[in-house]
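Chemist: These are the residues of each chain, in order.
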Amino acid sequence: MQASTTPAKASVLSNLNAVRTMIRRHKRNDIIFASIGLIALMLALLTLVTLFVDLVLDGYPKFNLTFFSDFPSRRAGSAGLLSAWVGSLLVMIVTFLTAVPMGVAAGLYLEEYAPKNWFSDLIEINVSNLAGVPSIIYGLLALGLFVYGLDLGQSILTAGLTLGLLILPIVIVSTREAVRGIPVAIREAAYAVGATKWQVVSDHVVKYSQGGILTGVIIGMSRAIGETAPIITIGALTFIAFLPPSPITDVAPYLNFEWLSASFTVLPIQMFNWLSRPEHAFHINAAATGAIIILVTLLMNGTAIWLRYKIRKNIKW
Amino acid sequence: MMNTTTAIKAESRNLDFFYSNGHRALKSINMPLYENKITALIGPSGCGKSTFLRCFNRMHDLYPGNKYQGQIIMHPDNTNILEAGVDPIEVRMRISMVFQKPNPFPKTIFENVAYGLRVRDEKNKRTIADKVEEALKGAALWNEVKDRLNDLAFNLSGGQQQRLCIARALATDPEIMLFDEPTSALDPIATANIEELMSGLKEKLTILVVTHNMQQAARVSDYTAYMYLGELMEYGDTDTIFTRPTRKETEDYITGKFG
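Chains A and B, in that order, give the protein sequences. Just so you know, we're using this note's numbering here: the first sequence kicks off at 5 and counts up by one. Just so you know, we're using this note's numbering here: the second sequence kicks off at 873 and counts up by one.
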């Protein structure tokens, strides 16, 4: 007995040791990859944080309310962002109102209604490609189409439509992805009680994919707010010391659309303008504007994540 | 004996079905569905029993390229529900379905049951509330949920969710109800509840159920069809199929020698 168990026990022990050595060796790869990943992440984050902190430090003398309520000026000290942030806001409204309905409708059509054939495949590839087209190309297209072709001028409407076009692919792609996330079982459940395609889309598909669609819309908008090249191409002014006519008036019908055809400037263009001045004082304004743009972008993306979480919370597949 | 006294609610005639990849999943199936009876479809995985079931509410129409051949005649109007001129939505208004996994909508309990009525343009709040209550009672769920109709359906247990799906299918007074392995995702107690429910439901409508569980077929059904490789191997009243099957393949499957 003794003689037969001892060699068996020895071989079990040596096997076990070999297995442990192997597991240690395999786990080394975990540590190596985790370290590489962490370093990559830190590099990206630190760059952004450094940039942001640098802008804030440079621009902090301008962080006060008058910076937002003053028009641009020849004197850097009294120059403000009023026309730029109002311009950005109005352009964003036009962008939102055009890109969202068109993008969501196109995304829903492609996902739910379009026949699955080579032609819709072709459209799909091209929509994805559009998201990668350099933004200045959109500027050139808009200059030809909106400014001259449709004679909309160098206006808020033109800028809003241009940026709407620019973020359309983002909205389409995120709509499709959100819609695709809805399980087949839920659609079949709706069809099985006798729903038509439109009833399935409007009662279920749109409702359950809201979170994803909204996220895509906000991320698109936060891209649009920082866009400079296409806005310069269509001819935004860089120095504007007046506001567009107010969209809301005190006489019926209380709405006024003249602002759409007003000339304008936006935040990144104002920043670009100040940056190109030789005086250092203007660079402080530019840094402050840059910090504000980054902050707005972060806020928008943060909202997107929060909204997605809120809406997804009640939906578990 | 039973055959002579009960009416036929629907019957498939020489039914063939082809998936979009050309696979012939059903081969010339002839089978009646007797009114106010439960018919069970049994057979090994891939034998075509779910495919057959999903012909009855034209679920296959949702995916391009699928093709039916032959007929499913519905009585008393003698409509061939597979005919191209018959709208699949009309068919689904008459024949409702309960799926393998509970699939409630991410809506409230009330709205889940009411959805079929909303699709039918029912606007009267009183009527909707009455129908929802009736359906939830019919699905033996009313007592458990009557105080929380506005809770999300996802907060119910798996067995409750499946009964909710039955209530949803019931609320629209269907003539036939299809059950596609309705208890395969449920525990034994929930399964027993659903089986009891089905036996009660046949007073009002006709049931076709696919099941993997032989005992379930034996327990709940009046008629049983054994399918294999897309063919209907044997059909008859459940007692006969389970005690004196005429074909050896059926006997082998039922006794667990195969499948």
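Since the hints were derived computationally from the structure, they do not count as laboratory data. For glycine and all other residues, C-beta sits at the position ideal for the given N, C-alpha and C. Any given hint could be a false lead.
[Stated by the list, open to error] With a straight-line Cα cutoff of 30 Å, these simulated DSS-like cross-link-like pairs (lysine-lysine) come out:
no.: 1; chain 1: B; residue 1: Lys973; chain 2: A; residue 2: Lys211
no.: 2; chain 1: A; residue 1: Lys201; chain 2: B; residue 2: Lys1120
no.: 3; chain 1: A; residue 1: Lys314; chain 2: B; residue 2: Lys973
no.: 4; chain 1: B; residue 1: Lys1018; chain 2: A; residue 2: Lys211
no.: 5; chain 1: B; residue 1: Lys997; chain 2: B; residue 2: Lys899
no.: 6; chain 1: B; residue 1: Lys973; chain 2: A; residue 2: Lys120
no.: 7; chain 1: A; residue 1: Lys211; chain 2: B; residue 2: Lys899
no.: 8; chain 1: A; residue 1: Lys314; chain 2: B; residue 2: Lys979
no.: 9; chain 1: B; residue 1: Lys997; chain 2: B; residue 2: Lys979
no.: 10; chain 1: B; residue 1: Lys979; chain 2: B; residue 2: Lys1018
no.: 11; chain 1: B; residue 1: Lys1074; chain 2: A; residue 2: Lys317
no.: 12; chain 1: A; residue 1: Lys31; chain 2: A; residue 2: Lys201
no.: 13; chain 1: B; residue 1: Lys1120; chain 2: B; residue 2: Lys1076
no.: 14; chain 1: B; residue 1: Lys979; chain 2: A; residue 2: Lys317
no.: 15; chain 1: B; residue 1: Lys973; chain 2: A; residue 2: Lys317
no.: 16; chain 1: A; residue 1: Lys201; chain 2: B; residue 2: Lys1129
no.: 17; chain 1: B; residue 1: Lys1009; chain 2: B; residue 2: Lys995
no.: 18; chain 1: B; residue 1: Lys939; chain 2: B; residue 2: Lys1009
no.: 19; chain 1: A; residue 1: Lys211; chain 2: B; residue 2: Lys1076
no.: 20; chain 1: B; residue 1: Lys997; chain 2: A; residue 2: Lys201
no.: 21; chain 1: A; residue 1: Lys211; chain 2: A; residue 2: Lys201
no.: 22; chain 1: A; residue 1: Lys314; chain 2: B; residue 2: Lys899
no.: 23; chain 1: A; residue 1: Lys201; chain 2: B; residue 2: Lys979
no.: 24; chain 1: A; residue 1: Lys211; chain 2: B; residue 2: Lys979
no.: 25; chain 1: B; residue 1: Lys939; chain 2: B; residue 2: Lys899
no.: 26; chain 1: A; residue 1: Lys120; chain 2: B; residue 2: Lys899
no.: 27; chain 1: A; residue 1: Lys120; chain 2: B; residue 2: Lys997
no.: 28; chain 1: B; residue 1: Lys1018; chain 2: A; residue 2: Lys317
no.: 29; chain 1: B; residue 1: Lys995; chain 2: A; residue 2: Lys120
[As the list claims (entries may be wrong)] A few chain B positions that, by computed beta-carbon distances, are all more than 12 Å from chain A:
no.: 30; residue: Asn908
no.: 31; residue: Gly957
no.: 32; residue: Ile961
no.: 33; residue: Ser968
no.: 34; residue: Ile1061
[Stated by the list, open to error] Covered stretches of chain B, going by a simulated chain A footprint (3 or more residues, C-beta under 8 Å):
no.: 35; region: 924-936
no.: 36; region: 988-998
no.: 37; region: 1039-1046
no.: 38; region: 1109-1120
Chemist: Hint numbers the structure violates, sorted upward?
Modeler: Structure breaks hints 2, 5, 7, 11, 12, 13, 16, 18, 19, 22, 27, 29, 32, 33 and 38.
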